[in-house]
Amino acid sequence: MIAHQLTLIRREIWEHPAIWVSPLVIALIVSMLTLTGQVSVSAFGEAVDLAIVGAQNADEVHRAAIMTGALTAIASIFAFGAWIVMIFYSLDALYAERKDKSILFWRSLPITDAETVVSKLLTALFVIPVVTVVVVMATHLLVLVLTSIWVKFQGGQALHLIWGSARLGDIWAACVACALLLPLWMSPLIGWFLFVSTLTKRAPFLTAVLPILLLPMLEKMLPMRSSFFIDAIYVRTFQPPLFDLSGFERVEQQIEEQFYSGLPGTEGVSLLKHLDVAGYIASPSLWLGMVVCGIFVVGAIYVRRYRDESY
Amino acid sequence: MTSLVSAHHVSKQFGSIRAVDDVSFEIEKGKIVGLIGPNGAGKTTLLKAVLGLTDCDGELSVLGLDPFRQRKELMQNICFIADVAVLPRWIRVNQLLDFVGQTHPNFSRARADKLLAETKVRSRAKVRELSKGMVTQLHLAIIMSIDAKLLVLDEPTLGLDIIFRKEFYANLLNDYFDEERTILITTHQVEEIERLLTDVMFINDGRILLDATMDSLSDGYVQLLASGDKAAAARKLGPIAENELFGKSVLLFEGRGRDELAPYGELHTPSVADLFVAKVKGARA
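Sequence order for the protein chains is A and B.
Going by this note's numbering, the residue at position 149 of the first sequence is 148; the numbering climbs one at a time, nothing skipped.
Going by this note's numbering, the residue at position 85 of the second sequence is 422; the numbering climbs one at a time, nothing skipped.
Hints listed in this document are in silico derivations from the structure and should not be mistaken for laboratory results.
Do not take every clue at face value.
[Stated by the list, open to error] Distance windows between CB atoms, simulated:
| hint | chain 1 | residue 1 | chain 2 | residue 2 | range |
| --- | --- | --- | --- | --- | --- |
| 1 | A | F227 | B | H525 | 55 to 61 angstroms |
| 2 | A | V297 | B | G395 | 25 to 31 angstroms |
| 3 | B | S460 | A | G154 | 51 to 57 angstroms |
[What the hints assert, rightly or not] When the alpha-carbon atoms are kept at most 30 angstroms apart in a straight line, the in silico DSS-like pairs for lysine-lysine are as follows:
| hint | chain 1 | residue 1 | chain 2 | residue 2 |
| --- | --- | --- | --- | --- |
| 4 | B | K469 | A | K98 |
| 5 | B | K451 | B | K368 |
| 6 | B | K457 | A | K100 |
| 7 | B | K366 | B | K409 |
| 8 | B | K469 | A | K200 |
| 9 | A | K98 | A | K200 |
| 10 | B | K368 | B | K618 |
| 11 | B | K567 | B | K616 |
| 12 | B | K368 | B | K469 |
| 13 | B | K585 | B | K573 |
| 14 | B | K368 | B | K486 |
| 15 | B | K366 | B | K451 |
| 16 | A | K200 | B | K463 |
| 17 | A | K100 | B | K486 |
| 18 | B | K451 | A | K100 |
| 19 | B | K486 | B | K457 |
| 20 | A | K100 | B | K463 |
| 21 | B | K616 | B | K368 |
| 22 | B | K469 | A | K100 |
| 23 | B | K409 | A | K98 |
| 24 | A | K200 | B | K409 |
| 25 | A | K100 | B | K503 |
| 26 | B | K463 | A | K98 |
| 27 | A | K98 | B | K457 |
| 28 | B | K486 | B | K503 |
| 29 | B | K451 | B | K486 |
| 30 | B | K616 | B | K503 |
| 31 | B | K409 | A | K100 |
| 32 | B | K567 | B | K618 |
| 33 | B | K463 | B | K409 |
These numbers were taken from a predicted model, which means no experiment stands behind them.
For each residue, glycine too, the CB sits at the ideal point set by N, CA and C.
Turn these sequences into a full structure, and let the hints guide you.
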């Protein structure tokens, strides 16, 4: 069963190279931007010197907070990219095999439809985020190395300024936690996309997106003007109860403020401390979302299993 | 003899159309059965029912299993090639072999590699880079490397040129078939597989018109080539079909002895194609 799953998931990675190519492309762009940024900033010689002196004189907490903010910003670009890959992957996962008729070959092997659909769900919710987080770590390292070299050239103490301030263990732990936990919050949407992907005859993207756009509008036109779908789709999606930060903006400022607030549990600069993992896992909305995902996935298995496709 | 496939009063309805209409038959181990029928006769629907791809009414048992409800178990011992090219186009040949090797308990990678070494199919190639004939060779190599009890082929050589077609059937017979295996095959090119078959089934409008061993065909059916008065006299014996060839009448008889017909002219064993045309026309008349 598990060996089958690994084989099936490997097939998904073969079929959808975007799973690993997309984060690598983002990594390339981030590294190029870091490089070009450094080169162009270097033109302002005096200002750069001043900034480095400023950084050297700043206190430890401020430097660590700024570094955490910067590395979090990089990670969130990847998170956004991974989310897009997840959407397009899950829309394609059960649609492409019907379009090219390869479903007949896959179904001639002793693999159940449930095993196949579950492998696609796992690829979307687990493999894509994990591949992404590995590339995020590599990119963090690369950007730090590039920045160290640059600081060194500008006459700064790279080891102290850069590596002394980057709380990599803490940031990476937070990234891994987010990669494993956040997709579960998105799972009802992924389940819906997989279901559409096995159901629709054409245009899976439109078929999946139109109801998401139209249902909230239609609901507003009804006499009771309810907002069930707006809350369930839009409000909920963007408010996973995992962070105690308000959004990803000005992370460094929020971290610093917390640190200086002197409240218990705020010793040391830590991104991980701002994740409320227990509260997230205890959230009924998370579990309700996974139930909705489960219903869509069972629907997808059922359709793949019982639909009599003309061949 | 043990029945590998056993169908009793199997029917399948699509809306108001009965694609398969109260069909009963048995397929025994070690046979090569040709399922022959015109387009829309219900061949593919019947094969789909046998493969568990579609549900049907009546009793259908394949290898002692209910094909629709026990598909996974069934697929360990059945292989099939559908009438459309179905190998995924994005995959590499070696990836495909890895995948089948890891998911099919009865697959022999060594055998597949050996079979493919005799072709031009390279293991690093993607399926989309292969010609149509090579894709079929690849599919056949995979199928022949699976130790299956029943092989179902639905128009396996559709769109291939004559060289590939001949090679396909030669490989199937020489390297694959033995008394432990059973093959169920449909094709339009009846002439090409005629000599391969041990049994033949005709299907038209969802009904089985003929279900016989190839050996029994020469006993049960005789083709008479006669002219003039002799043809007129023979016509009174009730041929099931008649047509003209080079000014002579070709009469097809069912259940008439060769001794009885010999005085009227030249006797032949009808080809499966002739017999098929006669049966289908007879059923429509």
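Next item on the list: Verify the proposed pairing of K463 (chain B) with K409 (chain B), using a straight-line Cα cut of 30 angstroms.
Entry: Holds, because 28 angstroms separates the two Cα atoms, which is no more than 30 angstroms.
Check: Taking 30 angstroms as the top limit, are the C-alpha atoms of K409 (chain B) and K98 (chain A) close enough?
Finding: Given pair K409 (chain B), K98 (chain A) holds - Cα atoms ~23 angstroms apart, limit 30 angstroms.
Checklist line | Pair hint K469 (chain B) and K100 (chain A), alpha-carbon separation not exceeding 30 angstroms | finding: The hint holds at about 15 angstroms.
Next item on the list: Take a quick look at whether K616 (chain B) and K368 (chain B) sit within 30 angstroms of each other, Cα to Cα.
Entry: Since the Cα atoms of K616 (chain B) and K368 (chain B) sit roughly 23 angstroms apart, the hinted pair holds (cutoff 30 angstroms).
Note to self: Can you confirm whether the C-alpha distance between K100 (chain A) and K486 (chain B) stays at or below 30 angstroms?
What the structure shows: It holds: about 25 angstroms lies between the C-alpha atoms, which stays within 30 angstroms.
Check: Do the alpha carbons of K368 (chain B) and K618 (chain B) lie within 30 angstroms of each other, as the hint requires?
Finding: Holds - the C-alpha atoms of K618 (chain B) and K368 (chain B) are around 27 angstroms apart, at most 30 angstroms.
Check: Are the Cα atoms of K567 (chain B) and K618 (chain B) separated by 30 angstroms or less?
Finding: 24 angstroms, holds
Next item on the list: Compare the distance between the alpha carbons of K366 (chain B) and K409 (chain B) with 30 angstroms, and conclude whether the hinted pair is satisfied.
Entry: 21 angstroms, holds
Check: CA of K200 (chain A) to CA of K409 (chain B), is that 30 angstroms or under?
Finding: Holds, at about 26 angstroms.
Next item on the list: Starting from K469 (chain B), check that the Cα of K200 (chain A) is at most 30 angstroms away, please.
Entry: Distance of about 26 angstroms is within 30 angstroms: holds.
Next item on the list: Sort out whether K503 (chain B) lies within 30 angstroms of K100 (chain A), counting only the CA atoms.
Entry: The hint holds at about 26 angstroms.
Check: Within a Cα-Cα threshold of 30 angstroms, do K409 (chain B) and K100 (chain A) meet the stated pairing?
Finding: 19 angstroms, holds
Going through the hint list in order, the structure satisfies each hint without exception.
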